[in-house]
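Model the full structure from these sequences, guided by the hints.
Keeping their order, the protein sequence lines are chains A and B.
Throughout the first sequence, residue numbering follows our numbering, covering 1297 to 1407 in sequence.
Throughout the second sequence, residue numbering follows our numbering, covering 128 to 243 in sequence.
Any given hint could be a false lead.
[Stated by the list, open to error] Here are a few chain A residues that sit away from chain B, every Cβ distance over 10 Å (derived from the structure):
#1 ILE1314
#2 SER1316
#3 ASN1323
#4 SER1324
#5 ALA1325
#6 SER1348
#7 GLN1394
[As the list claims (entries may be wrong)] Just the calculated beta-carbon pair ranges, DEER-fashion:
#8 THR144/B <-> GLU1353/A: 48 to 54 Å
#9 SER1348/A <-> GLN187/B: 28 to 34 Å
#10 SER1336/A <-> LYS141/B: 25 to 31 Å
#11 LYS182/B <-> ARG1337/A: 30 to 36 Å
#12 GLU1301/A <-> SER216/B: 42 to 48 Å
#13 GLN156/B <-> PRO1377/A: 35 to 41 Å
[Said to hold, decoys possible] Straight-line alpha carbon distances no greater than 30 Å define the calculated BS3-like cross-link-like pairs of lysine-lysine that follow:
#14 LYS1298/A <-> LYS1338/A
#15 LYS193/B <-> LYS1298/A
#16 LYS182/B <-> LYS1298/A
#17 LYS168/B <-> LYS1298/A
#18 LYS191/B <-> LYS1298/A
#19 LYS1366/A <-> LYS1352/A
#20 LYS193/B <-> LYS147/B
#21 LYS193/B <-> LYS1338/A
#22 LYS191/B <-> LYS1363/A
#23 LYS1366/A <-> LYS141/B
#24 LYS168/B <-> LYS1366/A
#25 LYS141/B <-> LYS168/B
#26 LYS1298/A <-> LYS1352/A
#27 LYS168/B <-> LYS193/B
#28 LYS1363/A <-> LYS141/B
#29 LYS1352/A <-> LYS191/B
#30 LYS1338/A <-> LYS141/B
#31 LYS1366/A <-> LYS1338/A
#32 LYS1363/A <-> LYS1352/A
#33 LYS191/B <-> LYS1338/A
#34 LYS1338/A <-> LYS182/B
The set of hints was computed from the structure by calculation and includes no laboratory data.
Note that CB positions come from ideal geometry on N, CA and C, so glycine has one too.
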Amino acid sequence: QKEVEQDPGPLSVPEGAIVSLNCTYSNSAFQYFMWYRQYSRKGPELLMYTYSSGNKEDGRFTAQVDKSSKYISLFIRDSQPSDSATYLCAMTLNTGNQFYFGTGTSLTVIP
Amino acid sequence: GAVVSQHPSRVICKSGTSVKIECRSLDFQATTMFWYRQFPKQSLMLMATSNEGSKATYEQGVEKDKFLINHASLTLSTLTVTSAHPEDSSFYICSAIEAGTLDGYTFGSGTRLTVV
Chain A
1297 QKEVEQDPGP LSVPEGAIVS LNCTYSNSAF QYFMWYRQYS RKGPELLMYT YSSGNKEDGR
1357 FTAQVDKSSK YISLFIRDSQ PSDSATYLCA MTLNTGNQFY FGTGTSLTVI P
Chain B
128 GAVVSQHPSR VICKSGTSVK IECRSLDFQA TTMFWYRQFP KQSLMLMATS NEGSKATYEQ
188 GVEKDKFLIN HASLTLSTLT VTSAHPEDSS FYICSAIEAG TLDGYTFGSG TRLTVV
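Structure (C-alpha cells):
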C-alpha cells in the first residue's frame, strides 16, 4: 500500500467552478500536510500547509485535514484558467523529515 | 520567501558522459537537501537525502555510484549523473529545508535531462 494515494485525474472544470482535490494516507503519524502546485516543466511551489487536523483558508484556497479518516482536501473557489496545473499533496511526520507525495492531480480550468 | 536555484534547467548529453546539476539555496542555509526524479505524469520520487558535510542517504534502488551527491556547504548541493544512459532521461528536482520550518521546504525549478 502506498503511503499517500491521490487520484491523478485528469480533472477538467469550467471557469468559476469549485474544485475539490483529495488525498488519503495510511500513516497516522503524519502531522504536517501540504499542497503544492506544479506547472508543466517547473518545480512544485507550496500553496499552503496545515498542521494536524482542521481547516486553513488562503484567498480562494481552503485546505482541510481529517486525521480520523486519514483524508485531506484542497478546495479552490472561483477557479481560474491560471489554476490549471498539477496539484500534489504531501505530508510529513515533522519538520525536517522526508516528505511523502501523492501522484498529483492534473487540473484544467476551461475559460 | 525562501528561494532555491537549480541549474541547468535543461541539458542534453551524449550517452556515456556525466552531467552535473547544481542546487543552491539563495537566502537561507539548507541543513538538508533532497533530490527527486519525476517521470511524465508521475509523482516525485525521492532519490536521496543529503545533509551538509555528511554522506547522502540513498533510497532503495537508487545507485549511489551512478548518482553522486555532494552537499559541501549549507547553500549548495550537486547531483552528478555518471555514465548517463537514455533511461536516465528524466526531470530532476531538488528541494531544500531550512531547519525548523515548513515554509523553507522549497523546490528548485527542475532540470530536464535528455540523454541521446
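Tested hints:
| no. | hint | verdict |
| --- | --- | --- |
| 1 | ILE1314 | 25 Å, holds |
| 2 | SER1316 | 19 Å, holds |
| 3 | ASN1323 | 15 Å, holds |
| 4 | SER1324 | 19 Å, holds |
| 5 | ALA1325 | 16 Å, holds |
| 6 | SER1348 | 13 Å, holds |
| 7 | GLN1394 | 6 Å, violated |
| 8 | THR144/B <-> GLU1353/A: 48 to 54 Å | 49 Å, holds |
| 9 | SER1348/A <-> GLN187/B: 28 to 34 Å | 30 Å, holds |
| 10 | SER1336/A <-> LYS141/B: 25 to 31 Å | 26 Å, holds |
| 11 | LYS182/B <-> ARG1337/A: 30 to 36 Å | 31 Å, holds |
| 12 | GLU1301/A <-> SER216/B: 42 to 48 Å | 27 Å, violated |
| 13 | GLN156/B <-> PRO1377/A: 35 to 41 Å | 38 Å, holds |
| 14 | LYS1298/A <-> LYS1338/A | 25 Å, holds |
| 15 | LYS193/B <-> LYS1298/A | 26 Å, holds |
| 16 | LYS182/B <-> LYS1298/A | 27 Å, holds |
| 17 | LYS168/B <-> LYS1298/A | 17 Å, holds |
| 18 | LYS191/B <-> LYS1298/A | 24 Å, holds |
| 19 | LYS1366/A <-> LYS1352/A | 17 Å, holds |
| 20 | LYS193/B <-> LYS147/B | 12 Å, holds |
| 21 | LYS193/B <-> LYS1338/A | 24 Å, holds |
| 22 | LYS191/B <-> LYS1363/A | 36 Å, violated |
| 23 | LYS1366/A <-> LYS141/B | 46 Å, violated |
| 24 | LYS168/B <-> LYS1366/A | 24 Å, holds |
| 25 | LYS141/B <-> LYS168/B | 25 Å, holds |
| 26 | LYS1298/A <-> LYS1352/A | 26 Å, holds |
| 27 | LYS168/B <-> LYS193/B | 24 Å, holds |
| 28 | LYS1363/A <-> LYS141/B | 48 Å, violated |
| 29 | LYS1352/A <-> LYS191/B | 40 Å, violated |
| 30 | LYS1338/A <-> LYS141/B | 24 Å, holds |
| 31 | LYS1366/A <-> LYS1338/A | 29 Å, holds |
| 32 | LYS1363/A <-> LYS1352/A | 14 Å, holds |
| 33 | LYS191/B <-> LYS1338/A | 25 Å, holds |
| 34 | LYS1338/A <-> LYS182/B | 28 Å, holds |
In the structure shown, a violation is registered for the earlier hints numbered 7, 12, 22, 23, 28 and 29, in ascending order.
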